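Peer 1: With these hints in hand, go ahead and build the complete structure from the sequences.
So the protein lines, in turn, are chains A and B.
Here my numbering is used: the first residue of the first sequence is 30, the next is one more, and so on.
Here my numbering is used: the first residue of the second sequence is 30, the next is one more, and so on.
A couple of the hints might just be wrong.
Repeated chains share a single entry, so a pair holds when one copy, or any two copies, can fit it.
Straight-line C-alpha distance at most 25 angstroms; calculated SDA-like pairs for lysine to any residue [stated by the list, open to error]:
1) Lys137 - Asp341
2) Lys123 - Ala60
3) Lys137 - Pro344
4) Lys37 - Trp50
5) Lys321 - Gly238
6) Lys121 - Ala61
7) Lys37 - Ile196
Derived from the structure by calculation, the hints contain no laboratory data.
Predicted, not measured: the structure shown is a model, and the values here were computed from it.
2 protein chains.
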Amino acid sequence: MSNLTPDKRSIEEAAIRIAPWIHRTPVLTCAAINEITGGNLFFKCENFQKAGAFKSRGATNAVFQLDDETLRRGVATHSSGNHAAALSLAAKRKGTRAYVVMPENSSKIKISAVESYGGIVTFCKPTLEAREETLAEVIRKTGACEIHPYNDLRIIAGQATAALEMIQDIPEITQLIAPVGGGGLLSGTALAAEYFGTNIRVIAAEPLGAADAWQSFTSGAFVPSVNPQTIADGLRTSLGSVTFPIIRKFVDDIVTVSEDSIVHAMRLIWERMKIIVEPSSAVPLAAILEDKINVREVSTGIILSGGNVDLDHLPFNPS
Amino acid sequence: MSNLTPDKRSIEEAAIRIAPWIHRTPVLTCAAINEITGGNLFFKCENFQKAGAFKSRGATNAVFQLDDETLRRGVATHSSGNHAAALSLAAKRKGTRAYVVMPENSSKIKISAVESYGGIVTFCKPTLEAREETLAEVIRKTGACEIHPYNDLRIIAGQATAALEMIQDIPEITQLIAPVGGGGLLSGTALAAEYFGTNIRVIAAEPLGAADAWQSFTSGAFVPSVNPQTIADGLRTSLGSVTFPIIRKFVDDIVTVSEDSIVHAMRLIWERMKIIVEPSSAVPLAAILEDKINVREVSTGIILSGGNVDLDHLPFNPS
Chain A
30 MSNLTPDKRS
40 IEEAAIRIAP
50 WIHRTPVLTC
60 AAINEITGGN
70 LFFKCENFQK
80 AGAFKSRGAT
90 NAVFQLDDET
100 LRRGVATHSS
110 GNHAAALSLA
120 AKRKGTRAYV
130 VMPENSSKIK
140 ISAVESYGGI
150 VTFCKPTLEA
160 REETLAEVIR
170 KTGACEIHPY
180 NDLRIIAGQA
190 TAALEMIQDI
200 PEITQLIAPV
210 GGGGLLSGTA
220 LAAEYFGTNI
230 RVIAAEPLGA
240 ADAWQSFTSG
250 AFVPSVNPQT
260 IADGLRTSLG
270 SVTFPIIRKF
280 VDDIVTVSED
290 SIVHAMRLIW
300 ERMKIIVEPS
310 SAVPLAAILE
320 DKINVREVST
330 GIILSGGNVD
340 LDHLPFNPS
Chain B
30 MSNLTPDKRS
40 IEEAAIRIAP
50 WIHRTPVLTC
60 AAINEITGGN
70 LFFKCENFQK
80 AGAFKSRGAT
90 NAVFQLDDET
100 LRRGVATHSS
110 GNHAAALSLA
120 AKRKGTRAYV
130 VMPENSSKIK
140 ISAVESYGGI
150 VTFCKPTLEA
160 REETLAEVIR
170 KTGACEIHPY
180 NDLRIIAGQA
190 TAALEMIQDI
200 PEITQLIAPV
210 GGGGLLSGTA
220 LAAEYFGTNI
230 RVIAAEPLGA
240 ADAWQSFTSG
250 AFVPSVNPQT
260 IADGLRTSLG
270 SVTFPIIRKF
280 VDDIVTVSED
290 SIVHAMRLIW
300 ERMKIIVEPS
310 SAVPLAAILE
320 DKINVREVST
330 GIILSGGNVD
340 LDHLPFNPS
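Peer 2: See below:
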């Protein structure tokens, strides 16, 4: 095992480390969606997780490993989304500060989530260059420790605990589906299946409008995410140098789905399961509805990655 | 005990009778809402119930007591809402038909819910007279057995099982809040508290724009619901001759809330708990947010009555 892959023990330790600070989220089933898909689907509800997404697992696992001297200087990241809120909450709990660089066009709701957890926001232009430069400047000034949203062994080990819990709670699962953006959740899911499951097939679902992970996986060579066009705002990022090799080695397949399917799947989850999920969470079910993944005669676990949506801007069209 | 009040045993029997057909719904808590309200709140998630509302409890309890001869002729009701869907589903499970009289202006989503469970819909003008006349006509033609949505001992005993489960699952609860429309859920909740709890205070919350139950309770004389104006579409009906006396005797207080509070509370539940509830479900939390109910230094159970909303017509205003 490469030392750039979290080992079994690091995931077990992550589970113990974060347990007091995160929810062991429920696994829900839905008779209506099983009927529609012909599957036996189990949904791991990370939309109910602290700060509204699985990101609290990795962020907590990373921050709670830092030594006192590092903690004193705070942590930092650039993110427009759930990692920023999760990192802010984890830092707050450790009595330190999170410095978060956010694009100036971030939604009000995401900015206020970060601020509500005590995150210190620095705005920048909405380009990757501006984000990285601004973050470097913040770190230079503060001495804060950067916690990358996914290209980090501690983050991946933390995200792996969602699938670990699911495998413990529903031992009959033989197939796991996760959405893929930067690949932190997917890497962790695949490693949990490898270490803690028995012959579990791991499949990723990705929006066709941001299909860089599919392209990378299929071609075997890293393809960056350039100008991604998808409503699934958690899935617009590129794979990382740590996540891509893990995904190549441990993931069985990546499939892509249309934007219409994502909205349709999201609506189905809202209407039938009565739970709120963000578009990224609906991507695995979209792949099932598009018949890209066979769910017949197997028990399939799906990770609902998060539930942070802006209720003022929902994608449902009046019918 | 009057023979117009379900006794303890009838509620225990209802719980056993309906158990195979309904969900024992989870009880959720929310740290953020506890912080906002200063309370220790437990939410009984009947929005996750079969057919999306607590109504499945009463309808199942009623239909599953009918003898074969009665079942052969089917069941009937007039309803524009959740009782119609719940009755249709219960009838389908007993291999019989539900005849449902619905106002012609019922929402498409509610009509299709009833039809999806095999209910046979007859439309009528949207007045109480038209509903009752059309129902009488349907019953004359079919011989079907009327199952009233709330003014029925079997229905009340069924609805009581929601509070019974909550008292079993969270023994520390000393206060229960339910919304009130026709009073079936409220009557059942109050009886469950009386029979199975120890000194549990029962409070009802009602929209100010449909405050007939509050008026009836306060004046001691039945006041019908005339031209109710509220977004909480499950709470527009009048109390019944069975429910009102139970409520007078066993309910401690009824409080009223504004429409703005209902929408605000509903949004809070969606955003913070990541679950979908209908406006009626948000009325108890609205009462807490309006400081009409003291939740400090007690553990309070709230019944989230249902989750059937039309996603094309949500009440949230862009901020």
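Peer 1: Can you tell me if lysine 137 and proline 344 fall within 25 angstroms by alpha carbon in one copy, between copies, both or neither?
Peer 2: Answer is both: 17 angstroms inside a copy and 20 angstroms across each meet the 25 angstroms cutoff.
Peer 1: With identical chains treated as interchangeable, where does the CA-CA distance between lysine 123 and alanine 60 reach 25 angstroms or less: within a copy, between copies, both, or neither?
Peer 2: Close across copies (18 angstroms), not inside one copy (41 angstroms); limit 25 angstroms.
Peer 1: If the cutoff is 25 angstroms on CA atoms, where do lysine 137 and aspartate 341 land: within, between, both or neither? Let me know, please.
Peer 2: both (11 angstroms within a copy, 23 angstroms between copies)
Peer 1: Using 25 angstroms as the alpha carbon limit, work out where lysine 121 and alanine 61 are close: within a copy, between copies, both or neither.
Peer 2: Between copies only: 15 angstroms across, 41 angstroms inside.
Peer 1: My question is about lysine 37 and isoleucine 196: at a cut-off of 25 angstroms on alpha-carbon distance, are they close within one copy, between copies, both, or neither?
Peer 2: This pair counts as within: shortest intra-copy Cα distance 14 angstroms, inter-copy 41 angstroms.
Peer 1: Checking lysine 321 and glycine 238: alpha-carbon separation at most 25 angstroms within a copy, between copies, both or neither?
Peer 2: So lysine 321 and glycine 238 pass the 25 angstroms test inside one copy only (16 angstroms; across, 50 angstroms).
Peer 1: At most 25 angstroms between CA atoms: does that hold for lysine 37 and tryptophan 50 within a copy, between copies, both, or neither?
Peer 2: Intra 21 angstroms, inter 41 angstroms, cutoff 25 angstroms: intra-copy only.
Violated hints are absent here; each numbered hint is respected by the structure.
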